[in-house]
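Number of protein chains: 2
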Amino acid sequence: GTNPFWTTKPNYSFFTNKHTLFTVSSSLTHSLTFPQMASTEETPIRFGILGCAEIARKLSRAIALAPNADLYAVASRTIEKAKAFASSNGFPSHAKIYGSYDSLLDDPEIDVVYIPLPTSLHLHWAVLAAKKKKHILLEKPVALNASEFDTIVEACESNGVQLMDGTMWMHHPRTAAMREFLSDSNRFGQLKTVHTIFTFAADPDFLKNDIRVKPDLDALGALGDAGWYCIRSILWTANYELPKKAVAMPGAVFNDHGVIIACGASLHWEDGKVATFQCSFLSNMAMDITAVGSKGTLHVNDFVIPYQEHEAHFSAATESWFNELVTGWVPKPSKHIIAADLPQETRMVCEFSNLVRAIKKGSKPEKHWPTISRKTQLVIDAVKASVDKGFEPVEVGN
Amino acid sequence: GTNPFWTTKPNYSFFTNKHTLFTVSSSLTHSLTFPQMASTEETPIRFGILGCAEIARKLSRAIALAPNADLYAVASRTIEKAKAFASSNGFPSHAKIYGSYDSLLDDPEIDVVYIPLPTSLHLHWAVLAAKKKKHILLEKPVALNASEFDTIVEACESNGVQLMDGTMWMHHPRTAAMREFLSDSNRFGQLKTVHTIFTFAADPDFLKNDIRVKPDLDALGALGDAGWYCIRSILWTANYELPKKAVAMPGAVFNDHGVIIACGASLHWEDGKVATFQCSFLSNMAMDITAVGSKGTLHVNDFVIPYQEHEAHFSAATESWFNELVTGWVPKPSKHIIAADLPQETRMVCEFSNLVRAIKKGSKPEKHWPTISRKTQLVIDAVKASVDKGFEPVEVGN
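From first to last, the protein sequence lines stand for chains Z and H. For our numbering, add 2 to where a residue sits in the first sequence, where the first one is 1. For our numbering, add 2 to where a residue sits in the second sequence, where the first one is 1.
Honestly, the hints are just simulated from the structure, not real lab data. Treat each hint with caution, since some may be false.
The list cannot tell twin chains apart, which means a pair is met if one copy fits it or any two copies do.
[Stated by the list, open to error] Dumping the calculated SDA-like pairs for lysine to any residue here, alpha-carbon to alpha-carbon at most 25 Å:
{"#": "1", "residue 1": "K247", "residue 2": "G274"}
{"#": "2", "residue 1": "K210", "residue 2": "F256"}
{"#": "3", "residue 1": "K216", "residue 2": "D152"}
{"#": "4", "residue 1": "K369", "residue 2": "H126"}
Computed from a prediction, not measured in an experiment: that's the story for all the values here.
Next up, chain Z with everything else stripped away, as it sits in the complex:
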C-alpha cells in the first residue's frame, strides 16, 4: 500500500538537496522555503487528528514524513478506535490516544489539529479548536456555506491561529511550475478559457454509505468534494479573481436524498473569461485542468492526485501554429516533468508547520490560505444556488 519512495522521515539534507530538482520563479519560493526555514534543533510542530476518517490515514503518513512535524495525537469517539488507528498508521510510541475530540483539544502540547470530520461538523469543531488556540488544517469543503466558514475564520482570527484547507495539490512543486507558466505573459498570455474535471466512479457501497452522499453529513455531495477541486483549480488558474456569475448545467444528478452526485457549471468573469467544470461520483476517474490563454495552452490530467508520487507531468504550448500546409503543429507542445522531493500532502504539512512556527515567534497568521478557501466556498455556494434555482445564473458573492 504505502509508496516505496518514502517510508521514513527524511533528514534535512535529503530534501534540501532534492528541492533543487525543479526550478520556480522567485515570486513562488515562499511555498518552497521550509528546508531553509526549518532547523533540526527546533521542536517539531505537534499535530493532533480529530477522528479516524479514511483520509486521515494519508495525512498520518504525511505528518510522519514531514521533518518539522510530529504525529502526536489522535482522537476518536471511542478510545479503542483511536488506538487501532494509531497502531495501524505508524504513530510513534509517544503518541497520545484520546477517546473524545474534546480531550484532544484540551491537550496543551498540541499545536495543530487536522479536522477531516464530515462537513456538517466543521463549524462546531473548528470554532472550538480555535478557541483552544489550536492552528487548524481543515478538510474540504471547509464548511456547508461561506457564512459558516466566515464564523470559523472569525474564530481563528480572534484567537490568532492559522487556518488552511487540505487541498494537497496546491503544495506540489508541479503546481508552482504550472503557475510560473500561467503567469508568463510571453508564454501563456491572458487567460481566455479553462475547463476542469474531477470525476471518479464510486462503488455501490460509497454511493450508499459514504459521508459524501449523506444530506446530514456532507450536504454538498459531489459538488463539495470533487467539485471543490474543480473550482479551486479554476480560481487558481484565474489567479484567484472571483467570477461574477455561476450557471449550473442541466443534467445534474441527485441521489434519493437530494444530494448532488454529479454536476457541472460554467463560471463567467466580466472580462469575458469563461470556465467550465464537471464533477461526478458516476464517471471514470479524470482530473483535468485545460487552460487556454491568448498565447499558450496548459494541460494536466492528474492535477488532484498525480499518477505517481515521485514525479508529475504537465504539457505546455506557446504560440502553437500550423506548418505551411496545415498538416501538423509548429511548435508542438512540450512535456514538463517535475520531480517531487516529498509527497504533496507532506509538503502541505511542512508548509503549515512553518507558518505555525513563525506565529510562535511572533508573526501574524497568513491570510492567503483562508482567503482562497473562502473564495472556493463562495463559488460552490453560487453553483449550488444555481442548481437549486433550476440552473438559473447566480451572482457569486464576495
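Fit chain H to the supplied structure of chain Z, relying on the hints for placement.
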C-alpha cells in the same frame, strides 16, 4: 512546407501493407477497405477544385497522393489565378485549367468537385454541381443553416451523387481506434460527459480579412469554422445521437460586424449526458476531446490536425482508481500510438473516390456522410440561435 513523409503517390502495395499497422473493430472496416476495393487497372476518380482557397492547396496534395484519385482540374474566376494555383500545387501536366466555376462543372470528364468556397456560396455551387452530376466534397460548415443544407442534399439525392463534408480527422486511423475504445462497454462504458475545444490565435490580418470573419461570406464565424469540429467531435463521441438542447455560454465574442469570433456552449441529452465546447479565433491553439464514460476516459489533444502526419496519439483509461493511500493511480492511463499510412485528407479522398467508384458500378450514394453533416449543422444552428437569444436554451432541430 510539404511533409517529407509523402511526396509522391504511393503504389497499392505500399498502403495495402501499411494499413495493417493499426487494428480496428469489424464494424469500422468500411472506411478502411479502399486498398482492397481499388485496383490499379481502374481509372482514377477525377477531381476538379472550385476556387483557389488556401485549404485547396492541402487538398491538391491529398488528391495527388491518393492512389485512386486524379488531380484533374482547377477553376478560378480568372484563368491566370487558376494557372498559378495549378503550377504551384503539383497539378499534373494533363490537368485542366478553367477561368470560371461554370466551365469546370461543364467538363464531362470530371467525377468529383471539391468546394472550398465561402459558406454563403455553398448553396448555389453545390446545387449546380449536383445538377451537373458531379459528386461533391464540400468544405465545412456545409451551409449557412440546415435548411440550406437540406436543399443541397435534395439536389444530390435527386441527381444520384455522393455528398461528403471535408472533416478530415474523421478519416484518420486514430479516429477508428478511438471509436473502438468508446464503443467498448468494458473499457469505456456509457458516455457521461465530453468536452471539446478547438481554438487558435488568429493574426490581425486574419481577424480583419479572412473570409471566416466576414458576415457576407462566412456568417457563422468561429462557430462555423472551429466550432464545426467541436460539435462534430461531440456528436461522434455520442455516436451521432443528437442532443435535445443547446445552451450558448455568456462571454461569446463578436467582431465589429457581429460575427462570432469566440464562443462556447453546453449540449444536453435526455439521458443526462452533457457536452461542453469552446471555439475561438482568439486563444492559443488547442484541439481537445475529453470524453468520460462510466468505465473509461479518453483524451486526445490534437484531434483536428495531429501534431505530425506519420503517427497520432491518444490516451485511454479504464476503471482508473487510487492506490491504497490515495497517493497515485492504479491503473494509469495508457498511451496509444497509431501509425498513419497516409495523410488523413488523402484517406478522405480515397474513401470518397471509392464511394464514387461504387456508384459508377450501380451502388446508391452512402447516406452516412450527409446525415452526420446535417446533424452537425443542426447543432450549430441551435447554438447560433441560443447566442442570438441571449444565451437562452434552444431545442436542437431534427
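Now for the hints, and whether the structure bears them out:
1. Taking identical chains as interchangeable, the C-alpha atoms of K247 and G274 lie at most 25 Å apart whether they share a chain (11 Å) or sit on different chains (23 Å).
2. Taking the shortest alpha-carbon separations for K210 and F256, only the intra-copy value of 12 Å comes in at or below 25 Å, while the best inter-copy value is 48 Å.
3. For a Cα distance limit of 25 Å, the shortest separation of K216 from D152 inside one copy, 23 Å, qualifies, whereas the shortest one across copies, 51 Å, does not.
4. For the identical chains of this complex, K369 and H126 are intra-copy neighbours only, at 21 Å inside a copy versus 65 Å across copies, given an alpha-carbon limit of 25 Å.
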